[in-house]
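K.L.:
Residue 641, in the numbering used here, is where the sequence shown stops; the numbers in between run on with no holes.
Honestly, I wouldn't trust all of these hints.
Restraint ranges, calculated between C-beta atoms of paired labels, are given here [claimed, not checked]: (1) G337 x S149: 27 to 35 angstroms; (2) G525 x R423: 20 to 28 angstroms; (3) R419 x L484: 15 to 23 angstroms; (4) V13 x E200: 42 to 50 angstroms; (5) H193 x M334: 30 to 38 angstroms; (6) S304 x G337: 17 to 25 angstroms; (7) T479 x E536: 39 to 47 angstroms; (8) V91 x K291: 21 to 29 angstroms; (9) L150 x Q259: 29 to 37 angstroms; (10) G88 x E163: 51 to 59 angstroms; (11) S149 x P233: 51 to 59 angstroms.
Just so you know, these hints were derived from the structure itself, not from any lab. We put the CB at the ideal spot given by N, CA and C, even for glycine.
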Amino acid sequence: MSSERAPLSAEAVLASSADAVIGIDGELRVTLWNPAAERMFGWTAAEVIGGGLPIIPRELRPEYSAVLEQVRAGTPLTIFTRRLRKDGTAVDVRVSTSCVHDDHGRHAGWALVLYPSEKEGQAQTSAMERARLVRRLTDVVADINADLSLKSVLDRIISSLTELTGADAGGFVLLNENRVKLVSLTHLSEELHGVSASLESSLFGELLRSGKSVLLANSDTRSLEDLIWADLPGLHTIALCVSNVRGRPYGALYALYSQRKVGHVELELLELLTAHAGVAIGNAMAYEELKLQRLREQAVVDSSADGIAVLDSHGRVRKWNRSAAELTGYSFEMMEGRHPPFPIPDAHGEPVKHRNEGGRWLEILMARIPDTDEWVVDFRDISAQKALEEEREFFLASTGHELRTPVTVIQGYAALLSRKGERLGPEGRQEASEIILDRARSLAELVERLRLGSDVASGEMTVDRVPFDLVELLGQSVTAFRPLAELQDLTLDTDGTLWTVGDPLVTGMVIDQLLENALKFSPSGGTVRVKVEEGEDTVTIHVDDEGIGIDPGDEERIFERFFQSGERGDRRGYSGLGIGLYIVRQLVREQGGEVTAHRLENGTRMRVTLPRHRGEEGELGAVVSETPQGRGGTEVSSVKA
């Protein structure tokens with residue numbers, strides 16, 4: 001009988017093995033599934049080959065990844081663990097994992113040999129150790145989530161890393177486009193904080209390109225001296241895991257070993273810690289974004305010119321911004337928990353207008369916040385708008401009143417000439433024509449005053465700045481108005497010459513307006529005095545009358561458009577639009593001067609201050625003599641616009 005026998009093939013050995021033998025390639029796909037594996041777990045080879053290994057329980061996937069990574073970087077490893085059958089039941093097994101290399105000695109995959117564990121004591125011990133580690137991890141995770149500050153969360157993660165994985169040092173690396181940056185560390189030199197490196201050449205980049213969740217690098221398989229971690233003396237192993245936030249890589253957790261050894265349990269804990277860290281970081285980022293959003297919203301609310309209040313469902317104040325305090329005079333401390341000091345409009349209804357205790361007019365709007373059952377109240381100061389409305393109403397009434405008289409007279413005499421012109425005779429027709437002409441001039445003056453007031457308000461008016469003799473100009477104005485002062489005494493208290501700088505035509509208009517007002521409001525037999533005082537840098541004109549005076553508190557308001565001091569009903573005998581003094585002040589200010597009103601014991605003083613000219617008298621031309629003579633209050637059309 002021949003002693004030569006055919007050699008046993010690898011396929012025959014695997015087929016007859018009592019132990020389950022499984023082959024895994026570098027992409028974690030099943031490449032080998034022997035009959036014992038089919039008997040142990042229930043899946044046929046056709047069902048599993050080419051796909052992922054189906055026997056790993058979900059909660060033990062980090063353990064599976066950690067074992068494969070440790071074996072790939074070092075020596076074979078045997079652990080006691082638990083795996084799943086096709087029917088969903090679990091089986092305690094001992095798993096021996098070793099590395100498979102190709103013909104060139106490069107890593108090509110793993111070989112797993114599994115058989116049911118009969119050492120119940122060892123399996124129980126392993127289960128108890130795992131339970132202890134899970135409890136430890138739970139405590140660590142609770143500590144990490146105890147703070148919502150992103151920096152604090154990162155620092156707590158790194159602090160827990162060495163305690164949980166037994167690493168000698170650690171760090172968290174942040175991913176920023178194509179670079180990585182060390183943002184948190186422990187047991188490392190602080191000089192490394194903030195160090196940045198290229199993602200492409202980093203271990204983090206290698207881990208991302210591999211598609212795996214954990215990477216183990218040691219000094220036996222590669223050089224660690226060119227990494228930033230080389231600062232750690234005796235560094236021999238680096239374990240890192242990707243931290244995903246909102247489904248995208250955010251950073252990586254590095255565990256560094258210089259004295260201690262790393263096992264699959266430590267790698268598993270690193271992966272579990274990193275997963276929880278991703279959740280904690282995501283929560284911290286969401287909190288930081290929410291806090292930033294609230295700060296922005298608060299900044300917008302605080303900088304708003306509108307008063308903004310937030311009311312609870314019972315209408316009590318919960319928030320009250322700076323403008324709300326300024327508009328109402330009540331601070332947030334005074335208003336918190338109280339109802340607003342103004343009426344509340346219907347929700348999403350028409351705005352309410354209200355005048356508060358301080359005299360401000362407020363327009364109030366309200367809208368509901370559905371999710372919180374709160375109300376947002378927005379209120380703004382519309383005092384200027386209300387004043388403008390009142391001015392407009394008064395302007396229309398006054399203008400209609402002022403225009404009615406000359407228009408009525410012109411219309412009446414024109415009708416008279418049209419119907420009875422022949423019977424009036426030459427003298428009658430001449431008289432009617434003169435009356436029509438006089439009223440037409442008055443109407444033109446009124447229209448021109450309105451136009452001048454519009455130019456002044458819009459800033460479209462310009463004035464000259466030339467030296468002129470103020471005394472000569474005042475003399476001309478007083479001389480022009482004396483024929484109109486039949487019932488009053490008009491005096492000028494000045495002599496010589498006094499030079500100022502400005503627009504002589506405009507200044508003449510100012511004096512004419514002040515004289516017209518003084519004569520209009522002075523009683524019969526009263527005196528209107530014009531006086532000039534010389535200061536070091538200014539000249540001051542006083543126009544005093546003995547008229548009805550100004551109501552207390554109206555000294556500034558009489559320079560507002562359409563304002564007349566006192567009850568308007570008491571002044572119907574004194575026609576006017578209330579824009580004369582408004583124009584006067586603007587004309588004086590355009591020349592660098594100022595005009596003010598002062599109450600006297602009997603009457604009013606209008607004081608005009610203009611800049612004084614200090615040039616030599618011989619250098620000055622007779623500017624005033626070139627201006628039109630005999631100006632009355634009707635020559636307002638000469639101003640530049």
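K.L.:
Indicate, hint by hint, whether the structure satisfies it.
P.N.:
How the hints compare with the structure:
Taking the beta carbon of each, G337 and S149 are about 31 angstroms apart, inside 27 to 35 angstroms as hinted. A hinted range of 20 to 28 angstroms for the beta carbons of G525 and R423 is inconsistent with their spacing of about 43 angstroms. Taking 15 to 23 angstroms as the suggested C-beta distance range, the pair R419 and L484 does not conform, at roughly 34 angstroms. A beta carbon spacing of about 44 angstroms between V13 and E200 agrees with the range 42 to 50 angstroms that was offered as a hint.
Checked against the hint of 30 to 38 angstroms, the pair H193 and M334 fails, with Cβ atoms roughly 48 angstroms apart. Distance hint check for S304 and G337: the Cβ-Cβ separation is about 23 angstroms, which falls inside the suggested range of 17 to 25 angstroms. Separated by about 30 angstroms at the C-beta atoms, T479 and E536 break the suggested range of 39 to 47 angstroms. Checked against the given bound of 21 to 29 angstroms, the beta carbons of V91 and K291, roughly 50 angstroms apart, lie outside it.
With their beta carbons about 31 angstroms apart, L150 and Q259 fall inside the hinted range of 29 to 37 angstroms. Taken as a hint, the range 51 to 59 angstroms is violated for the pair G88 and E163, whose Cβ atoms sit roughly 36 angstroms apart. Evaluation of the 51 to 59 angstroms hint for S149 and P233 yields a failure: the beta carbon distance comes to about 32 angstroms.
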